[in-house]
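Enquirer: Using the sequences and the hints given, assemble the complete structure.
Okay, here's what each chain looks like letter by letter:
There are 2 protein chains.
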Amino acid sequence: MKKINVMKEVLSSNELIALQNREYFKKNNTLVLNIMSSPGSGKTSLILETIKRLPDNKILVIEGDVAGDIDAKKIEKSGTDVFQINTYDSCHLNASMINTIVNKIKVKYDLVLIENVGNLICPVEYNLGENYKIVILSIPEGEDKPVKYPKIFEKADLLLINKIDLIDYSDFDFNKLNETLKKLNKGLKTLRLSCKKSAGFEELIKWIKEKAGDLSRINAV
Amino acid sequence: MKKINVMKEVLSSNELIALQNREYFKKNNTLVLNIMSSPGSGKTSLILETIKRLPDNKILVIEGDVAGDIDAKKIEKSGTDVFQINTYDSCHLNASMINTIVNKIKVKYDLVLIENVGNLICPVEYNLGENYKIVILSIPEGEDKPVKYPKIFEKADLLLINKIDLIDYSDFDFNKLNETLKKLNKGLKTLRLSCKKSAGFEELIKWIKEKAGDLSRINAV
Numbered sequence: 001m002k003k004i005n006v007m008k009e010v011l012s013s014n015e016l017i018a019l020q021n022r023e024y025f026k027k028n029n030t031l032v033l034n035i036m037s038s039p040g041s042g043k044t045s046l047i048l049e050t051i052k053r054l055p056d057n058k059i060l061v062i063e064g065d066v067a068g069d070i071d072a073k074k075i076e077k078s079g080t081d082v083f084q085i086n087t088y089d090s091c092h093l094n095a096s097m098i099n100t101i102v103n104k105i106k107v108k109y110d111l112v113l114i115e116n117v118g119n120l121i122c123p124v125e126y127n128l129g130e131n132y133k134i135v136i137l138s139i140p141e142g143e144d145k146p147v148k149y150p151k152i153f154e155k156a157d158l159l160l161i162n163k164i165d166l167i168d169y170s171d172f173d174f175n176k177l178n179e180t181l182k183k184l185n186k187g188l189k190t191l192r193l194s195c196k197k198s199a200g201f202e203e204l205i206k207w208i209k210e211k212a213g214d215l216s217r218i219n220a221v
Numbered sequence: 001m002k003k004i005n006v007m008k009e010v011l012s013s014n015e016l017i018a019l020q021n022r023e024y025f026k027k028n029n030t031l032v033l034n035i036m037s038s039p040g041s042g043k044t045s046l047i048l049e050t051i052k053r054l055p056d057n058k059i060l061v062i063e064g065d066v067a068g069d070i071d072a073k074k075i076e077k078s079g080t081d082v083f084q085i086n087t088y089d090s091c092h093l094n095a096s097m098i099n100t101i102v103n104k105i106k107v108k109y110d111l112v113l114i115e116n117v118g119n120l121i122c123p124v125e126y127n128l129g130e131n132y133k134i135v136i137l138s139i140p141e142g143e144d145k146p147v148k149y150p151k152i153f154e155k156a157d158l159l160l161i162n163k164i165d166l167i168d169y170s171d172f173d174f175n176k177l178n179e180t181l182k183k184l185n186k187g188l189k190t191l192r193l194s195c196k197k198s199a200g201f202e203e204l205i206k207w208i209k210e211k212a213g214d215l216s217r218i219n220a221v
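Protein sequence lines, in the order shown, are assigned to chains A and B.
Quick note on numbering: the first sequence equals residues 1 to 221 in the working numbering.
Quick note on numbering: the second sequence equals residues 1 to 221 in the working numbering.
Since the hints were derived computationally from the structure, they do not count as laboratory data.
Pairs involving identical chains hold if they fit within one copy or between any two copies, as the list cannot separate such chains.
Calculated lysine-lysine pairs in the BS3-like style (CA-CA distance at most 30 Å, straight line):
no., residue 1, residue 2
1, Lys176, Lys196
2, Lys196, Lys182
3, Lys176, Lys197
4, Lys151, Lys196
5, Lys155, Lys74
6, Lys197, Lys155
Expert: Here it is in structure tokens:
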């Protein structure tokens, strides 16, 4: 008797490759975080601030950009392993791009931080094989972004409000934000921080440790 | 003898519809500006500040958003005609969406301001039938955006640096920005302004009047 895995057949090719990536990372006890936001919200700064707080862990950063390697160079300077993906005309990373990296990995990582292309729309449509999706919203962007770009906030596992140091120069309304989030993603964990001031990271590191702990990862921290 | 317009046949369907839109606007002496930026850079605020400085002109605003109508409501409150386009999963406006509006227009407009979906990547790939492309970059996003998202800055006719009121709380480096722009789009006209402080608009209004004048439009201003 031949058995056909119908489930697999109906999955899109992106989803299939994402599953392969996920299986690889699971086998290696690697926690994988997909970090998404608008351009300029602070994804690279967040990654730099995070890795310096996890000095005992083997970390890989994957940088997704339409063009250039400015951010990858910043990561490299910090002494952390980094791969650069240039997407050219594509406005998001996909599982296949990550799979290319997976095939090049030679060591066991505790944590992989993927910086997606700066875009609040398409990146959320493509699973990469990550364990969790993190969305950054920065204070100057305004609290209305989840109304206009709902899906990425609906699917997020963690929302980071960055550039909290600019709150006094902004009309950002946390009550309105919370009202919107209640409808889109009730109970979404939300943390406030400032990459510029290197402030508010205790809770994020605790969250990463918890998530890694759930999966028996990052024991060294 | 039958003549085949090869040129038209090789144009993409988006380009063909953009040409139709352009012909319609040209016939009606309407100046059309396609305003693009990251989410939260200040497109709607820019439009509100612009229209209040052109009280004697008949203006239409077209709002492009993935979801919601927050911005269209703000424009409506100002007494200006507005159409809302929701793109759902699409991360940009296209000529066909604008054509749907063109078919509904009943009066002659001096100026049409199109607010594209907040995204620095795909919107520039789709001509809408506009006369000029305006890109907004806000101070908190950082001066490195043209390195990472080059095409939209290459194709821009005007670059507006918004949120200049936040310059003292930022590391934004104008020299680096100018170096990048010199390579991408030499001579690109760049204006600095603050929508929040309602400052720096004289030059923008002058630019709009000039562009309208070139095309014998907005004589009433």
